[in-house]
Amino acid sequence: MTDLAHIRNFAIVAHIDHGKSTLADRLIQSTNTVSERDMKAQLLDSMDIERERGITIKANTVRIDYVAKDGEHYVLNLIDTPGHVDFAYEVSRSMRAVEGSLLVVDASQGVEAQTLANVYTAIEADHEIVPVLNKVDLPAAEPERVAEQIEDVIGIDASDACLISAKTGVGIPDVLEAIVKRLPPPHSGDRNAPLKAMLVDSWYDSYLGVVVLVRIMDGVLKKGDNIKMMQTGAKYGVDRIGVFRPAMQPVDELGPGEIGFLTGSIKQVRDTKVGDTITHEKKGCEKPLPGFKPSVPVVFCGLFPVDSAEFEDLRDAIEKLALNDASFSFEMETSAALGFGFRCGFLGLLHLEVIRDRIEREYDIDLITTAPSVIYHIFMKDGTKVELHNPADMPDLSKVDHLEEPRIKATILVPDEYLGDVLKLCQDRRGIQEDLTYAGSRAMVVYDLPLNEVVFDFYDRLKSVTKGYASFDYQMTGYREDHLVKMQILVNDEPVDALSTMVHRDRAEMRGRAMCEKLKDLIPRHMFKIPIQAAIGGKVIARETLSALRKDVTAKCYGGDATRKKKLLEKQKAGKKKMRQFGKVEIPQEAFISALKMDD
Amino acid sequence: MRSANSWQAALIEDWRNGGFGLYLHWPFCEAKCPYCDFNSHVSRQIDQTAWQVAYLSEIERVGALTKDRVLNSVFFGGGTPSLMNPDLVDAILEKIRDTWTLANDLEVTLEANPGSVEAGRFKAYSEAGVNRVSMGFQALNNRDLRRLGRIHTVEEGRRAFDIARSTFKRVSFDLIYARQEQAPEDWRAELTEALNMAVDHLSLYQLTIEQGTAFGDRYNAGKLRDLPNDDAAAEMYEITQEVCDAFGMPAYEVSNHARPDAESRHNMIYWRYGDYAGIGPGAHGRLTLNGKKHATEAFRQPNLWLERALGGNGDSVVGALTPQDMAGEYLIMGMRINDGIDVTRFEALAGQSINQDGLRDLLDWGMVTATPNEISTTRAGRMVLNAVIEKLMPDQ
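Residue numbers (the numbering used here), protein chains in the order written: chain A, 1 to 600; chain B, 1001 to 1396.
Chain B on its own, in the form it takes in the complex (with noise of 0.2 Å):
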């Protein structure tokens, strides 16, 4: 236990502590997925000038809140960012070699649907300093892609890899697992699959039904059927544990999966509760101005965001952090990656210590475990991360 001086002795936040990021979002996509419950929507009219204008302009005003960083990932997510124009990408990226200076090995991400169209554009994306992409892949049979709402087949999906892997220097995919119909070991062959396709880091996930997409709704009036049960789900969870880690891609954070420093250097800033920058409709932010933390959100609706952008500022929320709301979030994030957490840094942001009854708790029932300074979850604790951050958790 340390004194409330001490706490105010420690260091205080820096941006430093965890990197700063840029994260861009393009709201659009051809067809919605009806899993999903991000911030997206199917819009034939685009006027991808305009957009271009809102975003360079909000580039400009954040950029002046934080001149002096040094930036060290970018990230086009959505939505479905290859559906932008290579000029637009290009436009952006040059306007951000402008504002920050570059970390030198900045990691530009981008995510791509799999399809062939998006593939004859990966060349120009890269020619515009694109070097990763992550793309949606998410099941590797066509009747589970339907199943989906996904619009690419099995096999375009592939070709547009292939393309992207002799492009990028880095190249990502996405799973989702624990769908309708399917084992566990029909789980084990399909991951199998994809990791023999040489690729150097995976995202899996879980399927988690939400409230308010249409699988929520399918699911609530009792048709979205032959789900895995809890049993099954955790069994699919250890299974793609094991199958990675003989593979040489061990997980890094709860859903992740890479070779050794192929992890995604942008989604580690969020982890590590690093500062970031969320530029475009509904894009969250956290950004140390004065030592403080402070959250930024932008407007979620894409015309709204659009109007507010082109009128000088995008953002409909920014406020600084409590010191209970900064504790509950570093480790919600910081738990999840292999690192886990650093106690100096959680004191000198919740203004107080971690739950001690609790960290001796899931000590003794193996959930975590401590050094002086470090906390971090096991492989059994991970599995219930929700109910370990609870027990983290200061009672006020």
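The shape of chain A in the complex, shown without the other chains (with noise of 0.2 Å):
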């Protein structure tokens, strides 16, 4: 147990790639919190996928014993936050745990897009910030100037921030000493008064079971409590409380100002509302915490399986998965075109990606993802509301008043040399600007943009027009009506449900005449002219048509033949499996996205 005077909390704010989980090595490397046999890099991104994108997906969290200059014994507890607009959420709840955060900013870079939407998070939560400029080891490193941006930019005092190099370890000491001397301890905390904790994040341990991660106000939280969460009701025996070293280590107690775990006869993450408050089945606190807003999916796709023989196995896949987040749902949703699969909701489309490859990866399962789309609010003739989560719902026309889609602010940091192309951009995906500033040679813009026109690709095209130098956010903002229609594909005069868009009625024949043409190129010839039309209701938008297959035919064939032959048909066949079969046509799956894109 320490007093509240040796705690220090804090979370660390940085762009991807700008060094925050480097840093966070460093720290708990020269604490010797972990033996040098142990370390490896990236300690606390422990999923492959975070590791190999370089990305913190879960929050994740470590207690460092420090010594500071004074000679007097400290207690560090580090969140590491996820840097991704998508877990924003976790961002926010993260930051409600602790008292300050580090401002890690590339010396060379600048602040980007995501490190801003992070930082307010911060300002909001009352943190103190310590603003550090990392890679000052490098030739491009501008420490001056970048500290300028940060006073102009995001309007905090920088004279004073750290240099350091994360990765060859300069200035390490003096962030240890800027966290202990400029980082406020917990405010209050009283060990006599009731247990009151924060549940800041749970996640599935296939030998613990649901693991807990709690902030104590005020109390004592010991093995063996039964405890209450008082947002649910629900009751829980604790099996088991400690910290982490990373790697868990129980402790006898935990107490005010403190962040640990607890473990318990929990059965699923769902079970644990993310922003509850603990406290003691007896003798409980009074008033609970105020909570946090729910994360709620906001981009839906269908995942089916390539082999549909592979159902089962992806409902197991998809239920473990959902074990461990409770932020993404799924359905199950049945395709004409694709078979039985899913219907998945995900927090955005990195959340999306990451759930996708860990299904194929982790599970081996080859999927088929439809086109993201978002939730749009259907206002009925008959005064009720419906949720779309999926085109092929649509309801029937005549019935329908009209139409409301989700937008979002989008926040881009873009160098000013890319600044016409990423206007064009927005414009072209009906954003409408709202402000546009310059800090030094890069500019600022927010764009107030529909979600159905950035879910898709508007990430990877911003990044191909500004040759990855741009940094893009986005907070959703609301709903309003627009003149949206569905947007139906025939292949051969028959509608491929999984080809259904909503689109703005003014954009309609130009993206459907897009995706007919990039159907044409994708979709193999076949022995009859194929047409792909874009239709809207019974009206026809946009036309192509696949011409026949006119040559294929072995020139050679004779007796040494017959061997080599029957294999490439087998081969043959083999890929065939691979298609999709609509009436008598054909269609690749990778034509069930690709067709979508736009390359503008």
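If you are wondering where the hints come from, they were derived from the structure by calculation, not from laboratory data. There is no bait here: all hints are sound.
For each label pair, taking beta carbons as the anchor points, the in silico distance ranges come out as:
1. A/E353 x B/D1226: 40 to 46 Å
2. B/A1183 x A/L436: 53 to 59 Å
3. B/L1363 x A/E331: 41 to 47 Å
4. B/R1379 x A/Q427: 50 to 56 Å
5. A/E353 x B/N1290: 58 to 64 Å
6. B/E1307 x A/K571: 29 to 35 Å
7. B/L1363 x A/K539: 32 to 38 Å
8. A/K571 x B/Q1045: 37 to 43 Å
9. A/E570 x B/R1379: 25 to 31 Å
10. A/M332 x B/K1292: 47 to 53 Å
Backbone N, C-alpha and C fix where the C-beta goes; we use that ideal spot for every residue, glycine too.
With the hints in hand, could you dock these two chains into one complex?
Pasting the structure below:
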């Protein structure tokens, strides 16, 4: 048990690649929290996908013992937060559990859009913020200019920023000192008051069951305690408590200001509500902590097994992943084209990609992913409101009064030489410019954009028009009415449900034409010509014709060729199994996603 | 749809269904052509006496397996069999006459390079018993012959053809089209010129870039320029049909054209999925033994084959074909010719019926015609034969 004055709880705010995880590793290492032998790069990113992509998905935490220059012993609790916009909710709730933040900025790159969003979250949570300029050892580093930028763009004092190189270890002692000197201890905490703890996060561990990350506000939590979740009313016995160093280490008790974990008889992650207040079953506290806004999925898509025999395996994989990720939703979906699969909800596109990658890799199931969609609000003529998650479920138009679509506020930071391309991209995606400012040679643009124009390939396009130099972040802002229609694609006169999309009426012809042209290239020639049409209601708005296969015959085939040709035929036939059959037409899987990509 | 019982009752596979032929492979060439992916080798030192012993020994071995048969055809292929000494050819044919009963109309074909040296041997080949030559002419202009790596000129070729014409009863030659820089109308003119040479059989192949050849490497490196695109190649195929029809030499197979009764009997054995013995390096055979079709394959490497053949057996692989194998092969071969396939025989070989959904579609689209017992391609279907065969294959 440590007294409040010797506890510092903090988060690190940084853009991807600006060195957050490396700094965390360095802090852990320089305080001998982990032995040299167990040290591996990026200690806190425990999933393969996290390490591979260099991103943090789940919040992680570590307790560091530090002897300061004044000789005092401190306990530092670091919560490592995700850097990506999709996981903004994880960031905001982690921020609520700590009192200060390190703002890490790459001294050669400057402030990026995601840094902005996260640092504002930290400011909202009343954090003290210590700016840290990383990578000062790089020849391109310009610490003075970047410090100025931090002051201009974010509006915090950067005159005493720590100058470090997390890679070489330069400046790390200064960071540790700044944490104890400049960040505040926990604001309050009464050891003798009834237990009041914040449920910061929870996840499933195959050995321990559900692990709950808690921040103690008041009182003391001990092994064997009977606890109650104030919001859900559920009661559990505590089997284990401990801290992360970063491996789990049991402790006897957790007191005010401390961060640690508990495990108990909790069956599913879904049984724990992030932001809930934990207290003792008897003599509990009276007033819960203010809760968090639950995270809700905003992007939906269908996941279907390539091999329909793998449907049960897919169900199993999705259920297992959902156990550990309460923000991921799913329900069964049947597609005339793709058979049985699941309609899944995600926090954003990265979340979608991460889940899809995990299913394909960890469970070895090949997937067909349908076009991502957002939730539309459909106002029916009878006054009811319907939420549309899947364009295929669009109700009869004669019964629809109007539609509303979700909008976002997008913040993009970009070197000024690419500004024109970025503005064009945003305009093409029905964006409305809200702000445009400069900080040095970088422009910051803020756009009001429809989410459905962003979910698909906006980020890819942004990266490609700016050669990767732009950074992008967004927040949901609400719903607005617009003239949206369901566009169907007909292949050989039959509608292909998996290719239906919601589009703005004014852009329907253009999108329809683009999709038909794409499909014409993606579908192999057949023995007959195939019309490919885009239609709204019964009206065809675009049409292409895939001409018939003209010639496909082996010129020479004699006695010695029988064996070889037969093998070729078998290979061809196996390849066809990877196609989806629509009437007499075979459509390759990649067409379902590729057809929607706009090359602008 | 037939029941399993009626398949069992259906005819047992018999070599007489497609006839019986003998293929002999001579693996040597004076130069390797850049488009050729056949088992051919350039070698300066060939002990034709040793090869003769090996061929004769193999004929004796295979003859013992197939002794009561009537032999319909012998085919010397390669490589360049016109590099064989006439004595060697004579000894082989002598041995064949001792081994099998010969059909009255036995066809004996030898592939020949249309050069002056070869032409000098034509008379001796004829005396040995060769009655048909197939000449690898390939192109009728010298620039393209050089590009194809051919060592003869058009003038030499024409002289060799005239000599062949006066020596053998039947003469065929090959041309390759859809060559670099060749436009459809160039091909029409060249083909017309070929037909005017009073030939009665032509093999007209679209240039196919095979992996593992010099052309394949150049193509992969992007250096094989100005090849006609798919549409131009399709147009050339259509021109081929049109011009040959007008000359009374319609296609009887995808790439082969003949006057009536001038078809290659040997190749028809392949396409009717008949029996053939394969002797020589890399030669394949299909032999019905005890009512079951077997595949044979000889060692590919010439010296290795020679050693094994001298040791008593040149084959590296012998095995019974599965019903699926036979189904695929019969379709691949049989659908190439005008007659198409025999449905009853297909079912007997495959142990199941043809893909009925596929057949219905192909009939709808005008790709095949069918009588109760025969399925054959239409002209449109022949152009997309690979896709047609795939549709007809049973699913399992």
